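Work out the full structure, taking the sequences as your base and the hints as a guide.
Protein chains in written order, with my numbering: chain A, 4 to 294; chain B, 3 to 319; chain C, 34 to 291.
Any given hint might turn out to be false.
[Unchecked claim] Here are the simulated lysine-lysine pairs, DSS-like style, with alpha carbons at most 25 angstroms apart:
#1 B:LYS207 with C:LYS154
#2 C:LYS154 with B:LYS6
#3 C:LYS167 with C:LYS154
#4 C:LYS65 with B:LYS9
#5 C:LYS167 with B:LYS9
#6 C:LYS257 with C:LYS65
#7 B:LYS6 with C:LYS163
#8 B:LYS9 with C:LYS257
#9 A:LYS178 with A:LYS189
#10 C:LYS167 with B:LYS6
#11 C:LYS65 with C:LYS44
#12 C:LYS154 with B:LYS206
Because the hints were derived from the structure by calculation, they are not lab data. Predicted model only: the values in this text are computed from it and were never measured.
Residues per chain are reported as follows:
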Amino acid sequence: MQEILQYLFSGLTNGAIYAVIALGFSMLYSSTELINFAHGEFVMLGSLCMVTLAANLGFPLIPAFFLSICAVAAAGLLFERLAIRPVRHPEPIVLIIITVGASIFLRGVGMLIWGKNAHSMPPFSQHPPLDVAGARLLVQSIWILVIVAALTAALQMFYRRTLTGKAMTACAVSKKAAWIVGIPTKWMVLLAFGLSTGMGAVAGAIIAPITMSSYDMGTMLGLKGFCAAMLGGLGSLWGAILGGFLLGILEALGVGFISSGLKDATAFVLLLLVLYVRPQGIIGAGEVKRF
Amino acid sequence: MNDKANKIAYAVFALAVILLGWQVDNEYYLQLMIFIGLNTLLALSLNMLMGYAGQISLGHAAFYGIGAYVTAILTTTYQVAPLLALPAAVGTAMLVAWFVGIPTLRLSGYYLGMGTLGFGMIVHIVFREWSSLTGGASGFVGIPPLEIGPVVFASGKNYFFLVWSVVMLCLIMCRRIIDSRVGRALRSIHDGEKAAAAVGVDTKKLKLQVFVLSAGMAALAGFLYAHLVYFISPGTFSFVASIRIVTMVVIGGMASIWGALLGASLLTLLPEWLHAFSEFEMVVYGLILMSVMIFLPRGLTRGVLDVYERYRKSHER
Amino acid sequence: MSDNSHLLEIKDIHKAFGGVQALCDIDFDLEKDAITGLIGPNGAGKTTLFNVITGVFPADRGEIRLAGQSVNNRAVHERVELGIARTFQNVELFENMTVLENILVGLHTRTRCGMIDSILKFPRIRREEKQARKRAAELLEFVDLADYAPRRSSDLPFGWQRLVEVARAMAAAPRLLLLDEPAAGLNMSETRRLGDLIHQIRDQGITILLVEHDMSLTMSISDKIVVLDQGRKIAEDTPRAVQSDEAVMAAYLGKAQH
Chain A
4 MQEILQYLFS GLTNGAIYAV IALGFSMLYS STELINFAHG EFVMLGSLCM VTLAANLGFP
64 LIPAFFLSIC AVAAAGLLFE RLAIRPVRHP EPIVLIIITV GASIFLRGVG MLIWGKNAHS
124 MPPFSQHPPL DVAGARLLVQ SIWILVIVAA LTAALQMFYR RTLTGKAMTA CAVSKKAAWI
184 VGIPTKWMVL LAFGLSTGMG AVAGAIIAPI TMSSYDMGTM LGLKGFCAAM LGGLGSLWGA
244 ILGGFLLGIL EALGVGFISS GLKDATAFVL LLLVLYVRPQ GIIGAGEVKR F
Chain B
3 MNDKANKIAY AVFALAVILL GWQVDNEYYL QLMIFIGLNT LLALSLNMLM GYAGQISLGH
63 AAFYGIGAYV TAILTTTYQV APLLALPAAV GTAMLVAWFV GIPTLRLSGY YLGMGTLGFG
123 MIVHIVFREW SSLTGGASGF VGIPPLEIGP VVFASGKNYF FLVWSVVMLC LIMCRRIIDS
183 RVGRALRSIH DGEKAAAAVG VDTKKLKLQV FVLSAGMAAL AGFLYAHLVY FISPGTFSFV
243 ASIRIVTMVV IGGMASIWGA LLGASLLTLL PEWLHAFSEF EMVVYGLILM SVMIFLPRGL
303 TRGVLDVYER YRKSHER
Chain C
34 MSDNSHLLEI KDIHKAFGGV QALCDIDFDL EKDAITGLIG PNGAGKTTLF NVITGVFPAD
94 RGEIRLAGQS VNNRAVHERV ELGIARTFQN VELFENMTVL ENILVGLHTR TRCGMIDSIL
154 KFPRIRREEK QARKRAAELL EFVDLADYAP RRSSDLPFGW QRLVEVARAM AAAPRLLLLD
214 EPAAGLNMSE TRRLGDLIHQ IRDQGITILL VEHDMSLTMS ISDKIVVLDQ GRKIAEDTPR
274 AVQSDEAVMA AYLGKAQH
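So this is what it looks like as C-alpha cells:
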C-alpha cells in the first residue's frame, strides 16, 4: 500500500509535467496543424534558464520563473517568424524536418551556453518531504501540482472568457472561416507559438529542482509529452491533462512492478495502442479539433 | 527519364564507383565512401515508402537495427555463417514490418508518423534493455567479418566493392519497380489514395508490400553495417538515426532514385566537414537542415532545378 | 433469380450519416447497355449512392447486385475488377503523373505484373507492359488527347482532365461506368462532345449511370431517368415522362402548398 502510494506520488509529479508538455503540443496543433518536434528543446531552455537565473544569478524565485518563461516564449515567437512562416508549402513532412532541424539547433545552442554538464537548483521551498501514510511526498511535487492546476484554470479562462481565446478556438476549427470573419489568423498562429513554447518553459522551470538539467534533456521529455497528447486526444485541452497524468502514473507503476529498464517503453506502447485502437485519443472527438 | 538516358546514367555511375574503388587507397576515404553506400541503401529504402508511396516513417532505423542485431546475434552468439544469417536478418525485418504494417499503415499523415516513431522507439528500447541477448546499452562486441567462400571482406577495398555492388543492384531493382505497373500504382497512392482505389489499386496490400520491401532493404544495410564495424550499439538505431534517414530522403529529393544517393552523400559528408566547427557543429547542422527545407522544400535535386528555372525565366523577359 | 437484361440491381438501399438519412429505400435497376440519368436537387443523395455502389462506404441496409452477383462484401478495388468504374465530381487525376501514366494506372486491374515480376522483368512482363501502353494510347486516341500523353496531367485544362479521367475509367474495361457530373465546368462545345463520347461508350457495350446537372445533356442522352429527392427515389421513367412528372417539378421548383 505504502509502496503503491509512493509510485502514485512520483507518477502524479511526472504526469503533471507530461501534462504541461502535452498541453503545449496540443494547443499548437489545434491552431496550426503542426507538431513541433523542437518542443522538448523549449522545455530544456526553460529549465536551464530557471537554473541560471535562480541558482546562479541569485534572482528571487518568482521573477526568475516569469523571466524564464518570457525568454523562452520570445524564442518561440522568433522561431515562428524565422523558420515556420517563410515556409511556402507547409506539408507535414517539411514541417517535421524543419522542427527537427530546430531541435538540433536549439540543443546545439543549449550546449554552447550551458556546456555539457548537468545543472541543478534547490527546490522552490525548503521543507522536508512530507510523510503521507508512510510514503514520502516532496514539497516540490506539491508545487508542481499547484502550478499545473493554476495553469490549466488560466488556460480554461483564456479560451472561454477572453475574445482572443475565442478567436483562437475559431482558428482551430477553421482557419479560413476565422480569416473571413476578420480574425488576424497570422497573429493567432504567432500567439499560439508563444503560448505553446511558454508552456514548455513552465514545464522546464518546475522540474528544474527535481532533475538534473542539461542540454540534451529535451528530446525524451518532448516525445513523452507528445505521447501524452496523443493518448488523451491531440488538440484537446482536457485530453492533454488526462493523457499526461495517465502516462505519468502508468509509467511509475510500470517501473515499480515490472522493470525500471522499460520505463521509457511505457509511453510508446501506450502510443501505439491508442493509435491502433482509437486514433482520436481517449477524449478526442474524432475529426473535431478544438479546445 | 527515358530508357537510354537511364542506361547511360547507370554506366557512368558504375564506372565512377569502379574508378573510385580502384584509385583511392586512403582507408579513411574508403570508409567514408562505404558509409555513403550504406546510407544510400537506407535512403533508397525509405524513398520507396515515403517518396513514391507517400507514407511517412519516423522509425526506419528500427529495421536497420533489426538487420544488424539479428546477424550479430546469429553469427557471434550462435556461430552461424554470415551468409546464412543474411536471409535471417532480412527476413526477420520483413516479418516484423508485415506485422507492424497491418495496423500502422491504416493511419496517415502525422498519425502515421507517430505510429512509426513509437514503433522505432520501442525497438530501440528493446535493443537497449534486453542485455542478455543484445549486450544492452554498452553494445554488442565481436561480430565476425563477412566471409563468402574463400573471400574475406575485411579490407576497405573489398568491402567498398561489396557495398557498392549491393547499392547498384538495389538501385536497379528500385528503378524497375518504379517504372512498372506496381510503381505506377504506388505513385497513384501518393497522389490520391481514394482515386487509386477507385481505379482498382489494392492500396492496403500495396502499401504493406512496399513497407515490407523497404524494411528488407534497410535490414540489408544493417547487416552490412554490423559486419563492417564488428561492434554495434543501440545509439546507432535511435530516433535520431531515423530522422537522419528521413532527412537524407527529403534533402536529396523525394521520389528520386538519384536523390537518395545525393542525400546520403551529403548527410554522410556534412558531419565530417562540420568537425571543423567543433562546438558549433550541432548549431550549424540544425541551421542547414532548416534552411534547406525553408528555401528548397522539394529537396536539392529538384530545388536547384526550380531555382535555375526561375532564373532563366526572369532573364528571358 | 435475376433478369438478364439488368446489369446492376440496387435493392432497398438505406444509408444514414449520424442522424441524417442520406439514402432511404432506394430501389431501381440499370438496364444493360443503356444510359441511365440520375438527377435530383443538391443534397438529394446522388453522390452518396455512387459511393455506395462503388463501395467507398457500405450501405446500412440493402444490396447491390452486379449481373446477379451481390457485391456488398467487395472492397472498392475489387468492384473495379468486377467491372464497376467511376469518375469523380471534382476530377481526381494523379496530378504528379503524366496523362499516359494515368491511363496506365487505369489498366491496373487488367494487368498482372507484381512486385517480384517487375524486378525480374520476365519476357511476359515486357509483353504485358507493351500491350498496356498500346491500349492506353488507343484510349487517349478515343478521347482525342493522344498528343498530350507525355504531359503532366495537372497541366491540362480542366475540361481535358475530365476526358482523361473518363479514359482512365474506361481503361479498367468496365461493364458499368458511373459518371459523376462529367459536364460540370465544361463549355457548350465540350459538353456536346462529351455527349457524343458517352454515346460511343454505350455503343461499346458499357452500361452508364450518369449524375448530371446539365438537364439538356441528361435528357437528350439518357434512356431512362431516375430522380432522387432528399434521399428518396421520387420518379423513374423515360426522360419525356419525367419532365412532366408533378413530384419532380415540385422537388425542383419547391413544393406547392397542399
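Verification of the supplied hints:
1. B:LYS207 with C:LYS154: Answer holds: LYS207 (chain B) to LYS154 (chain C) is near 21 angstroms, not above 25 angstroms.
2. C:LYS154 with B:LYS6: Given pair LYS154 (chain C), LYS6 (chain B) holds - Cα atoms ~17 angstroms apart, limit 25 angstroms.
3. C:LYS167 with C:LYS154: At roughly 18 angstroms apart (the allowed maximum being 25 angstroms), LYS154 (chain C) and LYS167 (chain C) satisfy the hint.
4. C:LYS65 with B:LYS9: Since the Cα atoms of LYS65 (chain C) and LYS9 (chain B) sit roughly 50 angstroms apart, the hinted pair is violated (cutoff 25 angstroms).
5. C:LYS167 with B:LYS9: 24 angstroms, holds
6. C:LYS257 with C:LYS65: 12 angstroms, holds
7. B:LYS6 with C:LYS163: Distance ~17 angstroms between LYS6 (chain B) and LYS163 (chain C) Cα, so the pair holds.
8. B:LYS9 with C:LYS257: Cα-Cα ~56 angstroms, so violated.
9. A:LYS178 with A:LYS189: Holds - the C-alpha atoms of LYS189 (chain A) and LYS178 (chain A) are around 10 angstroms apart, at most 25 angstroms.
10. C:LYS167 with B:LYS6: Distance ~20 angstroms between LYS167 (chain C) and LYS6 (chain B) Cα, so the pair holds.
11. C:LYS65 with C:LYS44: Given that 25 angstroms is the threshold and the Cα spacing comes to 17 angstroms, the pair holds.
12. C:LYS154 with B:LYS206: Holds, at roughly 24 angstroms.
When each numbered hint is compared with the structure, violations occur for hints 4, 8.
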